[in-house]
Amino acid sequence: MHPVVRLRSAVCLLGRFPALAGVDLDVHQGEVVLLAGGNGAGKTTLLRVLAGLLPLHSGEASVLGHDLAVDRRTHRRRLALVGHETGCYDDLTVRENLTFFTRAVGRSADDVDAALGALGLGPLADVRHGRLSAGQRRRLAIAVGLARAPDLLLLDEPHAGLDADGREALDDVLRSACDQARTVVLASHELDRVRALADREVTLVSGRSTTAPLKAGVR
Amino acid sequence: MHPVVRLRSAVCLLGRFPALAGVDLDVHQGEVVLLAGGNGAGKTTLLRVLAGLLPLHSGEASVLGHDLAVDRRTHRRRLALVGHETGCYDDLTVRENLTFFTRAVGRSADDVDAALGALGLGPLADVRHGRLSAGQRRRLAIAVGLARAPDLLLLDEPHAGLDADGREALDDVLRSACDQARTVVLASHELDRVRALADREVTLVSGRSTTAPLKAGVR
Amino acid sequence: MTLLKPAFGRALGWVTLAALVVLALFGLWGAPPDAVQGDAQRLMYLHVPAAWIAYLAFGITALASGLWLWPRTRSMVWDRVAGASAELGVLFTALTLVLGALWGRPVWGVWWAWDARLVTTAVLFFLYVGYLALRQVPTSPEARARRCAIAALIAFVDVPIVHFSVTWWRTLHQQATVFDPSLKANIHGVMAFTLWFGALAFTLLYVYLLDRRYRLAALEEGRDDRELDVAIAERVAGAGTPEARRPSGSVEAPAGVSR
Amino acid sequence: MNLFQEAALVAGKDLRIEARARVTLQQVLPFGLIVLLLFAFALDPDRGVLRRVAPGLFWVTVLLAALLAISRAYSVESENGAIDALRMSGLDPAGLFLGKAAAVAVELVVLEAVLTGGVVLFFDVGIGSLGPLVLASIAATVGVAATGTLYGVLAAGLRVRETLVPVLLLPVVSPVLLGATRAWEAAIDGAPSDAWPWIGLLSIFAVLYVAVGMLAFGPLLEEA
Amino acid sequence: MNLFQEAALVAGKDLRIEARARVTLQQVLPFGLIVLLLFAFALDPDRGVLRRVAPGLFWVTVLLAALLAISRAYSVESENGAIDALRMSGLDPAGLFLGKAAAVAVELVVLEAVLTGGVVLFFDVGIGSLGPLVLASIAATVGVAATGTLYGVLAAGLRVRETLVPVLLLPVVSPVLLGATRAWEAAIDGAPSDAWPWIGLLSIFAVLYVAVGMLAFGPLLEEA
Ligand code: HEM
Ligand SMILES: Nc1ncnc2c1ncn2[C@@H]1O[C@H](COP(=O)(O)OP(=O)(O)OP(=O)(O)O)[C@@H](O)[C@H]1O
Ligand SMILES: Nc1ncnc2c1ncn2[C@@H]1O[C@H](COP(=O)(O)OP(=O)(O)OP(=O)(O)O)[C@@H](O)[C@H]1O
Ligand SMILES: [Mg+2]
Ligand SMILES: [Mg+2]
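Chains as they are written, first to last, in my numbering: chain A, 109 to 327; chain B, 109 to 327; chain C, 569 to 827; chain D, 19 to 242; chain E, 19 to 242.
Treat the hints as calculated values from the structure; they're not laboratory data. Take the hints with a grain of salt, since some may be wrong.
Label pairs and their calculated CB-CB ranges [stated by the list, open to error]: (1) E:A26 - C:A586: 28 to 38 Å; (2) E:G30 - B:D179: 20 to 30 Å; (3) B:R275 - E:S192: 49 to 59 Å; (4) B:D179 - D:R69: 53 to 63 Å; (5) D:L21 - C:A586: 33 to 43 Å; (6) E:V225 - D:A229: 47 to 57 Å; (7) E:V127 - D:R69: 30 to 40 Å; (8) B:D175 - D:L33: 40 to 50 Å.
For each residue, glycine too, the CB sits at the ideal point set by N, CA and C.
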């Protein structure tokens with residue numbers, strides 16, 4: 109089977125700065141991969157490259173079977189990126205925001221309810237986004253990603269701002285992703301927590317990748 | 109001696125929502141206080157009340173000897189609040205931003221250099237803020253707070269986005285705050301990490317405070 | 569790094585200079601003064617070629633933008649050509665406007681008249697001033713190239729519509745009052761030669777400047793692969809910072825990239 | 019979902035936000051009325067002049083208010099990094115364009131209706147033939163909404179969005195200003211035959227830029 | 019630091035950002051020029067009104083460009099939550115006000131200088147007595163910069179900043195529009211004696227709003 113993500117000597121320039129300076133990465137169907145690395149190592153950049161938001165300067169990238177040099181857009185319907193911000197509208201409620209982004213990929217209201225439940229957002233469903241606290245927003249961002257039922261879920265520091273409950277909920281999300289053979293790439297500084305769940309760890313150092321297997325032979 | 113922070117049945121409304129629904133808090137000179145609590149408990153609101161950014165609806169608040177009902181502004185020169193965002197200008201470099209906010213309280217270039225060093229921002233001093241990664245921004249936000257040499261340092265989830273090095277640096281900042289008898293109130297979900305350094309823990313639950321001593325009788 | 573071979577570019581510079589000198593000689597002394605306007609009319613030898621070259625420059629901008637957008641011909645070369653040519657176009661349009669105004673003062677008694685051609689020229693000027701403003705906005709080179717290519721085409725599509733609307737505005741209601749079309753009716757032989765020679769000289773000037781401007785843009789972007797290798801080496805060694813190799817500070821990814 | 023369902027989803031979202039925040043109604047509309055008044059004021063309420071230049075003033079005012087409406091339409095997309103979310107949404111860019119442009123157009127129509135009242139009232143203008151006037155206004159509105167939405171997205175991810183859109187948009191829509199003004203003049207004078215060529219021009223502009231928008235919105239939405 | 023040092027710190031910061039981003043120069047200034055051109059054209063220049071209404075058009079244009087300049091001045095303060103940082107900065111609000119207003123005023127002066135050239139050129143306006151014209155312009159600029167900075171901060175923390183400032187500001191500065199227009203008319207006609215009362219009015223307005231600004235900036239900077 110083709111890998112879900114395949115990068116070869118990927119170089120990505122932000123301005124003229126090589127934020128990614130040669131990254132190789134293979135992620136296979138159903139894997140949960142931890143993306144580690146210091147501040148400024150290039151994790152966010154890598155995730156945005158995978159989402160098709162940033163073009164490569166050189167190297168190869170294919171995600172979900174699409175060559176990103178040719179098309180950076182089509183695969184987005186099957187993918188969700190949870191970044192630092194929710195991407196939601198302040199004047200819409202939690203549920204309305206979720207519904208908008210879920211309907212956009214043709215999913216139903218059930219997915220919305222499931223995601224609300226999974227992140228413990230039920231009581232906040234009718235609160236406007238503008239009134240949410242930082243951690244509540246983070247939960248909503250994850251819920252939006254989840255409700256779109258993506259084949260590939262990209263999470264950028266999803267733990268930041270979550271309380272203990274929220275982290276439990278996130279762990280559950282990751283576990284059920286494993287069960288549903290959904291692929292996850294997750295950048296985080298909560299290494300210990302994520303290592304317990306991830307199949308594999310990839311560390312970025314100054315824009316380059318260094319891989320090491322974590323759990324031997326799970327998949 | 110007067111406590112640095114003194115809150116009595118503080119109620120703070122955001123819109124019509126009582127984000128703080130009766131908080132009592134005393135923080136004494138030189139203490140490092142951990143503010144714990146779930147998402148939406150009111151930690152950010154509390155810190156903003158202490159900074160004078162939000163008015164109380166009822167109850168008493170005095171910070172650094174100023175009654176906030178009378179004056180929410182004067183004490184800010186002796187205080188620093190590190191929030192989720194840096195508050196810096198994208199077109200200015202790290203050093204220019206630091207210098208601006210440091211000169212505003214009459215501190216010198218030495219403070220800037222010290223803060224740059226403490227957070228490991230030396231190599232980034234001449235990079236514009238708009239080009240920093242999330243963790244680099246968080247470091248800058250802390251450095252701005254530090255360079256102002258405040259008597260009371262308010263930190264809102266300072267760990268979010270920091271890598272292992274950054275967290276070490278932050279621990280050092282907290283430790284040296286102890287040494288310099290600087291008072292710190294810190295909201296965080298990294299409970300274990302902070303508990304090791306804090307003198308005391310205050311937990312907010314749905315806008316109410318429940319205090320518990322942490323290290324017995326240090327000060 | 570240049571459009572022309574460096575030696576050829578230098579030679580072109582000298583040829584252009586010579587052509588401009590010859591143009592000046594002809595314009596000032598060779599051609600006879602105009603029967604009606606006297607010496608003021610000599611401005612024509614600059615004004616008209618400037619206008620023509622401005623059109624040419626905007627045409628080249630549109631063409632290069634199209635070539636950038638067309639996947640098979642996509643190359644940063646076209647982006648730089650488009651930008652350089654638009655700058656020259658704005659320059660020559662400004663020259664047309666200024667020379668026209670200078671000319672209008674003695675001939676019409678005013679600097680400016682609300683004639684259709686004048687107004688379209690001014691709108692054209694602002695269309696591309698906006699385009700240049702867009703080029704100055706800091707983003708990554710690729711993003712800028714894409715945005716600007718599309719903006720150039722949008723502007724170009726607009727030019728004929730502006731032209732029609734402005735012309736109709738004048739003609740549907742009343743006739744143009746000041747612009748005297750009979751001017752060019754009986755144009756003297758030497759005058760015609762001078763005018764055509766002016767067009768040639770300005771074309772040379774345009775090509776020469778385009779080459780220079782292109783070279784400057786290429787240098788500013790400084791993205792030849794050798795330099796990139798150095799940057800990558802620095803980055804991998806952990807030494808490079810986003811600001812270290814940035815002379816102009818004009819290139820930056822959009823806000824939000826790293827948040 | 020097909021193209022129009024996607025457009026409806028987007029337009030619905032934008033109009034719902036407007037229904038909650040009422041920015042167009044409570045801020046842009048009064049702005050338009052004030053501008054109209056100020057113009058009247060600055061141009062010396064020497065009645066005769068004012069009445070003759072009323073159509074021009076009206077359309078200048080509409081364009082300025084449209085600048086604000088478009089600014090608002092994209093300020094909503096800039097909060098909380100929504101523009102990235104839109105990019106990732108999987109919605110067809112053409113649908114996105116149609117949806118956003120439709121929402122802007124709806125807001126502009128309301129705006130124009132009120133401002134027309136303002137012109138009739140302040141400037142003492144009578145309307146000779148309503149049909150061409152309405153047609154011209156609709157064509158002009160579609161054109162402005164389309165170009166505005168297009169330039170809006172071009173600047174959406176940029177920090178200079180607020181200032182960039184006006185300077186790009188105004189020269190491009192200058193034909194709309196001229197065409198709509200002339201068409202209005204003709205309609206006010208009750209000379210509809212003079213209005214038709216202008217309505218034709220406005221329609222061509224509108225159709226052209228709706229087409230360009232549907233094609234170009236996708237590439238412009240991408241940040242790189 | 020004393021008040022003026024603080025103001026200088028703030029103004030220096032704003033002007034340095036402008037020197038880097040060049041938004042006023044590259045975007046607001048062309049915007050002003052194109053507005054001038056389009057307005058004039060839409061008002062049908064052949065009818066001989068243009069020259070008479072030139073001062074009014076000029077000042078309407080300046081006000082519109084000023085709206086953009088102020089929008090920009092506070093868009094800088096809204097990124098990354100800078101407004102909170104300003105609140106917490108410990109700078110004297112009066113100093114902050116003076117600094118920001120000074121930076122805006124400097125930008126407006128450049129803008130007006132260029133636009134004046136545009137008016138002279140496009141509208142064939144000769145300037146009778148330069149002194150009163152310059153004085154009136156300076157007084158008007160200070161007034162606009164002061165009120166703009168004041169209303170800007172009022173809206174700075176709000177999401178509707180972009181649309182709110184124009185609708186609040188325009189009515190307030192309408193006396194400036196009137197006064198400056200009349201003063202210009204007098205200056206152009208070479209009747210300086212007619213200009214002085216208006217310059218007086220503009221100066222009173224300017225002084226008044228600088229004073230109000232120094233007092234009110236603090237409370238307005240605070241979020242309720
Ligand atoms: C600011 C004022 C003026 C502007 C913006 C302007 C603009 C232009 C432009 C754009 C063209 C090229 C048109 C084309 O070839 O299609 C042109 C051509 C020309 N202009 Fe001007 N012009 C101005 C003033 C004048 C004045 C004052 C005169 C002389 C009375 C003049 C005489 C001509 C002539 C003779 C041509 C070439 C004839 C032709 O190709 O039709 N222009 N001008
Ligand atoms: N503008 C607002 N209007 C109404 N309610 C608000 C507003 N902002 C926040 N709230 C509510 O106030 C409560 C407290 O918010 P606050 O941001 O203080 O929480 P927090 O303890 O910092 O949470 P977190 O850990 O998620 O950052 C939350 O329940 C939130 O929904
Ligand atoms: N717009 C930009 N222009 C130039 N360089 C940039 C830009 N944005 C980010 N960078 C640089 O690119 C590098 C990688 O940034 P990135 O955001 O990918 O890091 P990261 O691994 O996500 O870090 P963090 O853990 O802090 O979030 C950083 O060194 C940063 O300074
Ligand atoms: Mg990151
Ligand atoms: Mg919080």
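### Cβ separation of E:V127 and D:R69, checked against the hinted range 30 to 40 Å
holds (36 Å)
#### Entry: C-beta pair B:R275, E:S192: status relative to the range 49 to 59 Å that was hinted
About 56 Å separates the Cβ atoms of B:R275 and E:S192, which means 49 to 59 Å holds.
### Query
Is 33 to 43 Å right for how far apart the beta carbons of D:L21 and C:A586 are?
Violated, at about 59 Å.
### Query
Has the hinted range 28 to 38 Å been met by the Cβ atoms of E:A26 and C:A586?
About 53 Å separates the Cβ atoms of E:A26 and C:A586, which means 28 to 38 Å is violated.
### Task
Could you check the hint for me, namely that E:G30 and B:D179 are 20 to 30 Å apart, CB to CB?
holds (29 Å)
### Query
Taking the CB of B:D175 and the CB of D:L33, does the distance hold inside 40 to 50 Å?
For D:L33 against B:D175, whose Cβ atoms are near 47 Å apart, the range 40 to 50 Å holds.
### Range hint compliance [Cβ, B:D179 to D:R69, 53 to 63 Å]
About 57 Å separates the Cβ atoms of B:D179 and D:R69, which means 53 to 63 Å holds.
### Beta-carbon spacing of E:V225 to D:A229 - inside the hinted bounds 47 to 57 Å or not
Roughly 55 Å apart at Cβ, these two residues keep to the hinted range, so it holds.
Comparing the model with each earlier hint shows violations of hints 1, 5; every other hint is respected.
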